Each structure stands twice: as structure tokens, then as C-alpha cells.
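Asker: Sequence:
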Amino acid sequence: MVTKSEVLYSRFQKRAAELVGEPPEPKKKAKVSAAVVTEKGAPSTEHSEAGRGEGPGSRGASSGGATVALPCPAPISQVPGRQEAPSTDQGGISSMADLALACPAPILRQSDRPPVRPQFPSPEPGNSQGATGPPPLRPAEPSLPSSSGRQGHQERVPYAPGWAVFEGDSALDNPQTAHEVLRVALLLADQAKIRSMNYGAFMDSALCSAIRHLHETETMMHIIQDYRERARRHQRGHEEAEARRLVSKAERQQLQTRMGAAEDEIRALTTELEEEKGAHALARSEVRAAEVCLAETESTLAIREQKVREAHLKAQELEARLLDAQSLLVAREREMKNLERKAGYHEAREKEAREQAQNAVKLFRESEEFRDLLEEEGVNGLIQGFKDFRNQLR
Numbered sequence: 001m002v003t004k005s006e007v008l009y010s011r012f013q014k015r016a017a018e019l020v021g022e023p024p025e026p027k028k029k030a031k032v033s034a035a036v037v038t039e040k041g042a043p044s045t046e047h048s049e050a051g052r053g054e055g056p057g058s059r060g061a062s063s064g065g066a067t068v069a070l071p072c073p074a075p076i077s078q079v080p081g082r083q084e085a086p087s088t089d090q091g092g093i094s095s096m097a098d099l100a101l102a103c104p105a106p107i108l109r110q111s112d113r114p115p116v117r118p119q120f121p122s123p124e125p126g127n128s129q130g131a132t133g134p135p136p137l138r139p140a141e142p143s144l145p146s147s148s149g150r151q152g153h154q155e156r157v158p159y160a161p162g163w164a165v166f167e168g169d170s171a172l173d174n175p176q177t178a179h180e181v182l183r184v185a186l187l188l189a190d191q192a193k194i195r196s197m198n199y200g201a202f203m204d205s206a207l208c209s210a211i212r213h214l215h216e217t218e219t220m221m222h223i224i225q226d227y228r229e230r231a232r233r234h235q236r237g238h239e240e241a242e243a244r245r246l247v248s249k250a251e252r253q254q255l256q257t258r259m260g261a262a263e264d265e266i267r268a269l270t271t272e273l274e275e276e277k278g279a280h281a282l283a284r285s286e287v288r289a290a291e292v293c294l295a296e297t298e299s300t301l302a303i304r305e306q307k308v309r310e311a312h313l314k315a316q317e318l319e320a321r322l323l324d325a326q327s328l329l330v331a332r333e334r335e336m337k338n339l340e341r342k343a344g345y346h347e348a349r350e351k352e353a354r355e356q357a358q359n360a361v362k363l364f365r366e367s368e369e370f371r372d373l374l375e376e377e378g379v380n381g382l383i384q385g386f387k388d389f390r391n392q393l394r
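Be aware that the sequence shown starts at 1, since it is given in full-length UniProt numbering, and climbs by one per residue.
Hints listed in this document are in silico derivations from the structure and should not be mistaken for laboratory results.
As the structure is a computational prediction, the values presented were derived from the model and not from experiment.
We put the CB at the ideal spot given by N, CA and C, even for glycine.
Heads up, some of the hints might be wrong.
[As the list claims (entries may be wrong)] Simulated DEER-style distance windows between Cβ atoms:
no., residue 1, residue 2, range
1, R244, I223, 38 to 48 Å
2, L187, H234, 19 to 29 Å
3, R309, A348, 34 to 44 Å
4, Y345, E310, 43 to 53 Å
5, G168, E216, 32 to 42 Å
6, E286, K249, 50 to 60 Å
7, E286, K307, 52 to 62 Å
8, L187, I224, 33 to 43 Å
[Stated by the list, open to error] Distance condition first, Cα-Cα at most 16 Å in a straight line; then the derived EDC-like pairs of lysine to aspartate or glutamate:
no., residue 1, residue 2
9, K14, E218
10, K14, E216
11, K249, E239
Generate coordinates for the entire structure from the input sequences, incorporating the hints supplied.
Answerer: Below is the structure:
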């Protein structure tokens, strides 16, 4: 089964062959070849096995002691328009700029040779050569867990690396500054993972990353060219549409002039029709005014007849009311006479009652009982006055 790494590597080989000038290989339908050996003008350059960045074969050598060569169809430094990559440092590991710009010659590694781990420079700013030993461990460095279950129970400590870079330093001109920036940029877990990898596996992963980056760049260039071609086609279509728009605009102006003339004719006919409608409406208004006057005269005549009838009815009602009023007046006169008689009788009775009451009061005042009551009320009033005075003193 063809993997993504093999497809990327085959595309990179084809691109490198086109840049160097070699004839392209014929396309294969089923899968990409696992081993490609080319000998053209180069002294015994071996390409043993296609590099698989994701497979297990590219990360380590076999146990039988065979030599493994990293796949590189043609050094990128030989490609026209590219500069030659700078040399590596004393520790044996090239900088990240070397990994991104250059593809070194095939690296042979014996199985009995101990793996070489990548070294990091010393963080001291005065050391220009760069130390080969790893940076010292910090007290707050979290230990790598052996399993996922143990990681959940460990306490997580924040990582705060120390910088040895000063203002004015440049990572583009000074390799030591670049190494320091790389050391701080990598976390402790990433540094431990890189140290655990051997040199071949580290270079394999770095080269696969560089090839993948080159392939992505080339794909983006093709996409940009495709979009530029589409833009040209769209521009041509836009120009054609603009020309059609100008033609349609001229036709629209002609149609607008014709429509203006037709509108003028319609306005003239409309004014004539409105004049005729006005004359007809004036005649109809005169007829309606005459009809209204006739209706008003008929209504006034009917109103006057109704008023005469109402006046006759009111006269009859007034006569009937007058007769009733006369009869009521006679009855009221009789009642008044009766009331006057009753009033005289009641006045005589009232006068007699007043005289009797005055006589009774006079007799009561002259009696002894009235005197006793006056004495009791005087004594009671005096006692109550003493009580009120005593209460006021309190």
C-alpha cells in the first residue's frame, strides 16, 4: 500500500530530477518502488531505500548490522538558484537553518556504533564554541510519566526556562544565539524525546519534514499559478462582459429616447382626454346642482306643511290643557278654603295649648318640689366642682 510519505518522496525525486536535468522516470499505477538506484555522473552515490517518514524502517537500522543510507535524490545545494548549506557545529548536529535549507549526502551508520544524541549549546553567553553536554536539569522540571495513568496523578509544575539572549543579538548572524533560541523554544519533554532518538532517526524525521515542506511549497506555487490563470480568465470574461455592458447601455439609451418620445405623445393625449373629462364633469355638476335645488325646494315645502300640521295639533293640545287647568283651579280653590278652615282651627287649638302649658309651668315653679330639685342640683354641682378642683391640684 502506498503511503503518504512514499508519494511525497516520489514527487520530490521527480522534482529534483527535473531541476538537475535528468529524464523523468515512467509513472507506475500500482505503487512506488521501494528502492531506487541511480548512477549518472556521480561517483558511487547510493540510494538504498525510499525514506518513509512515518514507517518504522526509516527510524533505525536492522539488527543484522547492515548500513542504512538516508534517502536524498539530489542535494538541494546543487539545485540552480539555491545556496550551499553552512557547516554543522562541533557537537555534530546542524542548526535548524541547515535542516531547512540543505539535504546532506547519504549518511552511513553502523549497527554496532552507539547512537549519537543531539547536543544543545550551553546557555552561557560567553561560550562561543557551544558546549556538547545537555543543559542542567531544573528543580521544577516535571518528570516524564511512564504511563498515561501515572501522568494524571502527578503534580504539574509550570516550566519557566532561563534566557541567555541579550538585546542586540541576532539569530541570523550568530549561531550561538540561534542555538539558545532553539533550546528555549523546545520544551523539556521535546528535548528528552530528541535525546532518546538516534542521529539517523532524527535526521530522517528532519529530512522528511523538509521534503514535506518543499512539497507543500511547490503545491502552493502550482495553486498560485492556477489561481493566476483563473484570474486572467476572469479578467478576460470581465472585459467581455464590460463590452457587452457598454453595448447594452447604448441600446438602453436609444430605447430611453424612444420611450421619452412615446411618453410625450401619451402626455399630449392624456391632456386632451383630461380636458374632455373636465367639460363632461362640468356639465354633470350643473345637472347635479339643479337636482339639488329641486330637492331642497321639495324638502322645504314638505317641512312647512309638517310645521302647519304640528301647529294645529299644538293648538288643540293647548285648548285641552286650558280646560284641564281651569278645572284644576276650581278644585284648588276648594282645597284652599278647606285648608284655611283647618288652619284657623289648629291655631285656636295651639293657642289654648300654649296657655295651658304656661299655667302648668307657673304652678310647677311655685310648688315645693321645684325648690327641692333646685337645692339637689346645687349641692351636686358644688360637690362635682370640688372634685374637679382636687383633680386639677393633683
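Asker: Now tell me, hint by hint, if it's right for this structure.
Answerer: Hint check:
| no. | hint | verdict |
| --- | --- | --- |
| 1 | R244 <-> I223: 38 to 48 Å | violated, 31 Å |
| 2 | L187 <-> H234: 19 to 29 Å | violated, 47 Å |
| 3 | R309 <-> A348: 34 to 44 Å | violated, 59 Å |
| 4 | Y345 <-> E310: 43 to 53 Å | holds, 51 Å |
| 5 | G168 <-> E216: 32 to 42 Å | holds, 34 Å |
| 6 | E286 <-> K249: 50 to 60 Å | holds, 55 Å |
| 7 | E286 <-> K307: 52 to 62 Å | violated, 32 Å |
| 8 | L187 <-> I224: 33 to 43 Å | holds, 35 Å |
| 9 | K14 <-> E218 | holds, 12 Å |
| 10 | K14 <-> E216 | holds, 15 Å |
| 11 | K249 <-> E239 | holds, 15 Å |
Checked against the numbered hints given earlier, this structure breaks hints 1, 2, 3 and 7; the rest are met.
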